[in-house]
Amino acid sequence: MPSTTDALIQEPLIVINLGLKAFADSLEQQQVEVVQVDWIPPAGGDQAVIDLLDQLL
Amino acid sequence: MATGVITRRNQYYDSVFLMGVSKRISGFPGVQQNAVLMGTDANKEVLSSLGIRDPQLDAAQPSDLIVAVIADTQAIVADVLANLDDYLAGGVAPSATANPHTFEDGLEQKPNANLAVVSVPGEFAAREARKALDAGLNVFLFSDHVSIEDELAIKQLAAQKKLLVMGPGCGTSIINGVGIGFANVVRKGNIGVVAAAGTGLQEFTSQIHNAGLGISNAIGTGGDDPSDYIGGLTTFAALAALERDPQTELIAIVSKPPGAKTLAKLIERIRNCKKPVIGCFLGAHVDPQAQFENFRRASTIDEAVNLALKLSGSKPALTAKGPTSADLQRVTQERSSWAPEQKYLRGLFAGGTFCYQSQQILLASGIPVYSNAPLDKNYQLSDPNRSREHTLVDMGADEYTVGRPHPMIYGAMRKQRILAESDDPQVAILLLDFILGYNASTDPVGELLDALLQSKRNASLRGGNLTVVASVCGTDGDPQGFAVQMKLLRQAGVHVFQTNAQAASFCAALLK
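Quick mapping for you: the protein sequence lines, in order, are chains A and B. Under numbering that gives the first Met the number 0, think of the first position of the first sequence as 0, with each following residue one higher. Under numbering that gives the first Met the number 0, think of the first position of the second sequence as 0, with each following residue one higher.
Certain hints may be false.
Partial list, derived from the structure: chain A residues whose beta carbon lies under 7 Å from chain B [unchecked claim]:
#1 Thr-3
#2 Thr-4
#3 Ile-39
#4 Gly-44
#5 Ala-47
#6 Val-48
#7 Leu-51
Computed cross-link-like contacts, DSS-like style, restricted to lysine-lysine with a CA-CA straight-line distance of at most 30 Å [what the hints assert, rightly or not]:
#8 Lys-187/B / Lys-309/B
#9 Lys-309/B / Lys-342/B
#10 Lys-273/B / Lys-260/B
#11 Lys-309/B / Lys-414/B
#12 Lys-20/A / Lys-264/B
#13 Lys-314/B / Lys-342/B
#14 Lys-187/B / Lys-160/B
#15 Lys-161/B / Lys-20/A
#16 Lys-274/B / Lys-309/B
#17 Lys-109/B / Lys-264/B
#18 Lys-309/B / Lys-161/B
#19 Lys-160/B / Lys-309/B
#20 Lys-20/A / Lys-274/B
#21 Lys-20/A / Lys-455/B
#22 Lys-20/A / Lys-187/B
#23 Lys-109/B / Lys-43/B
#24 Lys-161/B / Lys-22/B
#25 Lys-309/B / Lys-264/B
#26 Lys-20/A / Lys-376/B
#27 Lys-264/B / Lys-274/B
#28 Lys-455/B / Lys-486/B
#29 Lys-314/B / Lys-376/B
#30 Lys-20/A / Lys-130/B
#31 Lys-20/A / Lys-43/B
Derived contacts from chain A toward chain B, CB cut-off under 8 Å, selection only [what the hints assert, rightly or not]:
#32 Asp-5
#33 Asn-16
#34 Gly-18
#35 Lys-20
#36 Ala-21
#37 Phe-22
#38 Val-31
#39 Val-34
#40 Trp-38
Hints in this document: simulated from the structure, not taken from any laboratory. Idealized CB from N, CA, C, for every residue including glycine.
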C-alpha cells in the first residue's frame with residue numbers, strides 16, 4: 000500500500016536513507032526505523048551507460 | 000608551491016567522509032590547500048578553478064576518488080599522497096559494506112518505508128527520487144545541483160501520486176516530531192511550518208521550542224519551490240497536508256522571496272485555509288491589503304515567532320522592536336572604541352536565510368549592503384571573495400560549496416574569510432551566525448574562536464577595536480549545547496543574541 004503525504008506526517012517514519020550515513024545515524028538516535036543504503040554511482044557514474052540501462056529496464 | 004594529484008578507480012565515499020579526510024590532510028605541516036572529492040564534472044570544474052589540471056582528471060568518473068594537494072614543497076605533496084591510505088583509514092568503502100547499495104535493495108529490506116532521504120551527488124539525485132516516488136515513497140531530497148527542469152518533473156510526478164518532495168537542496172524538516180537533516184531538537188506541539196528557507200525553519204522552530212511551545216510538522220520545500228517556474232508545488236501540498244493534520248492548529252510559512260505569481264496564488268490559498276496562517280516572506284512585497292481574518296503577516300522570523308505565540312495564547316518572547324536600552328548603551332561604548340577609519344560591516348553567514356534577513360533589516364534602516372545573494376540586484380558583489388563597503392556573504396552558496404564542505408558542517412572557509420576581513424582596517428563590525436542541531440558541526444563556535452580572537456587582536460594593534468556580533472540558532476536539547484556555545488562567544492567578547500534578527504538590528508544601531 001503506497002504511502003501518502005497525510006500518512007507521512009501522521010504516522011511513524013520508516014526511512015530508506017540513500018547517501019550520507021550521518022543522516023541515518025541521527026534518525027536512529029531518534030528511534031526511527033531506517034535502512035542505510037551505501038549508495039555507489041551506477042555504471043561507475045558513466046551517464047551514457049546509465050541512460051542506456053534506464054531505457055532497457 | 001607544489002601541486003600533486005592522485006586518482007583511484009572505483010573507490011566511492013560520501014561527502015561527509017571525504018570532508019573528514021580533507022580535514023586530516025589540512026593538519027599536515029606545509030599543506031596549503033587540499034581537495035578530496037569524487038570525480039563528478041562539478042568537482043572537476045572546482046579543481047580546474049583552483050588551477051589544478053592533470054591528465055588523470057579527464058578520465059576520472061564519479062565513482063573515482065580524487066585527492067589533490069597544494070603544499071610548500073614537492074616533498075610534502077609526495078609525502079601526503081604516499082600516505083593516503085593512512086588518511087583514509089577508518090573509512091570503509093561503501094562497496095565493501097554489508098549494507099545495500101541501491102534503492103531497490105533498500106526497499107526489499109523495508110518494503111513498508113514511507114520516506115526516502117536522498118543525499119547522493121546532484122547529477123544522480125533526480126533519478127533516485129523518481130525511483131522512490133514510483134515505489135510510493137515521499138522524498139526528502141537533500142542533494143543540491145539538481146536542474147530546475149528535473150525539479151519540476153519530479154514534483155509533478157509527486158503531485159500525481161499524492162506524495163511530497165521536500166527539496167532539492169532541502170536541508171531540514173521535522174516530520175511528526177522527528178528531525179531530518181540539519182534539524183534542531185524541539186518538542187512536539189501544535190504549530191506547523193512550511194519553509195522555503197532552511198535556516199529560517201531552524202530559527203523558527205528553535206525559538207518556538209525555547210518559548211515553551213512545540214512543532215507538529217515543519218516541512219522544508221527547497222529554496223526554488225516558490226519560484227514561478229516551480230509554482231510552489233511542494234508549498235501548496237504541504238499547506239494542504241498541515242490543514243488536514245489533526246495535530247496542527249496553526250501554520251507558519253517562512254520563505255525567501257516567492258515569485259510574484261506564486262505569491263499571489265499562495266495568498267489566495269491562505270484566504271481559504273481553515274486554520275490560521277502566519278506568512279513571513281523575507282524580502283518580498285506583500286500587498287498590505289492582503290490582510291484577512293486567518294492571515295497574519297510577519298516581516299521577520301522573530302515577528303512570526305511572536306505572532307505564533309500570541310495566537311497560541313502565550314506572551315511574545317522576543318524583542319521584535321529592535322535593540323533594548325541596554326543594547327543601546329553597548330552601541331555607544333563600541334562606537335567610541337573604533338579607530339577613525341573603521342566604518343564598515345562584514346557579515347559572514349552559514350545560513351542563507353540569515354544573510355537575506357540581515358540585508359532586509361539593514362536596508363529597512365537605510366543601510367545599503369553588497370552581497371553574493373543580494374535582495375537588491377544593484378548590490379550584487381562582482382567577486383564573492385572580495386567585500387566592498389558593507390557586505391553580507393552567504394557562505395553556503397553554490398560558489399563556495401561545490402566540492403567543499405558547507406560552513407554549517409565545517410568552519411574552515413569561514414575562518415579564512417574572517418581573517419581576511421580583519422586585515423581590512425576599514426572594517427568595524429563582524430556579523431556571524433552559529434547553527435546547532437543534528438548533523439551540524441560538533442563545535443561551530445570552537446572552530447572559529449581562534450580566528451575571532453586573532454581578528455580582535457589585529458584591530459587592537461592598529462589602535463581600534465573589532466566589534467563582533469553573533470547569533471546562535473539552537474535549543475537546549477541540541478547535541479552541541481546551546482548554553483556552552485553562547486558562553487564561549489561571550490567569553491571571547493562577542494555580542495551574542497538569541498536570534499539573527501536581533502543581531503542584525505544591533506548592527507543597524509551600531510551603523511546609524
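These are the hints, each one checked on the structure:
1. Thr-3: holds, 5 Å
2. Thr-4: holds, 4 Å
3. Ile-39: holds, 5 Å
4. Gly-44: Hint on Gly-44/A: holds, closest Cβ of chain B at ~3 Å, below 7 Å.
5. Ala-47: violated, 11 Å
6. Val-48: violated, 10 Å
7. Leu-51: Violated: closest Cβ of chain B sits about 13 Å from Leu-51/A, beyond 7 Å.
8. Lys-187/B / Lys-309/B: Within the cut-off at roughly 18 Å; holds.
9. Lys-309/B / Lys-342/B: Measuring from Cα to Cα gives roughly 39 Å; hence the hint is violated.
10. Lys-273/B / Lys-260/B: holds, 22 Å
11. Lys-309/B / Lys-414/B: violated, 39 Å
12. Lys-20/A / Lys-264/B: Roughly 39 Å separates the two Cα atoms, so the pair is violated.
13. Lys-314/B / Lys-342/B: At roughly 38 Å apart (the allowed maximum being 30 Å), Lys-342/B and Lys-314/B break the hint.
14. Lys-187/B / Lys-160/B: holds, 28 Å
15. Lys-161/B / Lys-20/A: holds, 28 Å
16. Lys-274/B / Lys-309/B: holds, 15 Å
17. Lys-109/B / Lys-264/B: Distance ~38 Å between Lys-109/B and Lys-264/B Cα, so the pair is violated.
18. Lys-309/B / Lys-161/B: Given that 30 Å is the threshold and the Cα spacing comes to 33 Å, the pair is violated.
19. Lys-160/B / Lys-309/B: Since the Cα atoms of Lys-160/B and Lys-309/B sit roughly 37 Å apart, the hinted pair is violated (cutoff 30 Å).
20. Lys-20/A / Lys-274/B: Violated: Lys-20/A and Lys-274/B sit about 37 Å apart, past 30 Å.
21. Lys-20/A / Lys-455/B: With Cα atoms ~38 Å apart, Lys-20/A and Lys-455/B exceed 30 Å; violated.
22. Lys-20/A / Lys-187/B: Measuring from Cα to Cα gives roughly 25 Å; hence the hint holds.
23. Lys-109/B / Lys-43/B: violated, 36 Å
24. Lys-161/B / Lys-22/B: The given pair, whose Cα atoms are some 43 Å apart, is violated under the 30 Å limit.
25. Lys-309/B / Lys-264/B: holds, 27 Å
26. Lys-20/A / Lys-376/B: violated, 39 Å
27. Lys-264/B / Lys-274/B: holds, 17 Å
28. Lys-455/B / Lys-486/B: holds, 18 Å
29. Lys-314/B / Lys-376/B: violated, 38 Å
30. Lys-20/A / Lys-130/B: holds, 20 Å
31. Lys-20/A / Lys-43/B: Measuring from Cα to Cα gives roughly 24 Å; hence the hint holds.
32. Asp-5: holds, 6 Å
33. Asn-16: holds, 5 Å
34. Gly-18: holds, 3 Å
35. Lys-20: holds, 7 Å
36. Ala-21: Status holds, d = 5 Å.
37. Phe-22: The hint holds - Phe-22/A has a Cβ within 8 Å of chain B, the shortest such distance being about 6 Å.
38. Val-31: Since chain B brings a Cβ to about 6 Å from Val-31/A, closer than 8 Å, the hint holds.
39. Val-34: Hint on Val-34/A: holds, closest Cβ of chain B at ~5 Å, below 8 Å.
40. Trp-38: Where the cut-off is 8 Å and the nearest Cβ of chain B is about 5 Å from Trp-38/A, the hint holds.
Of the numbered hints given earlier, the model fails hints 5, 6, 7, 9, 11, 12, 13, 17, 18, 19, 20, 21, 23, 24, 26, 29; all others are met.
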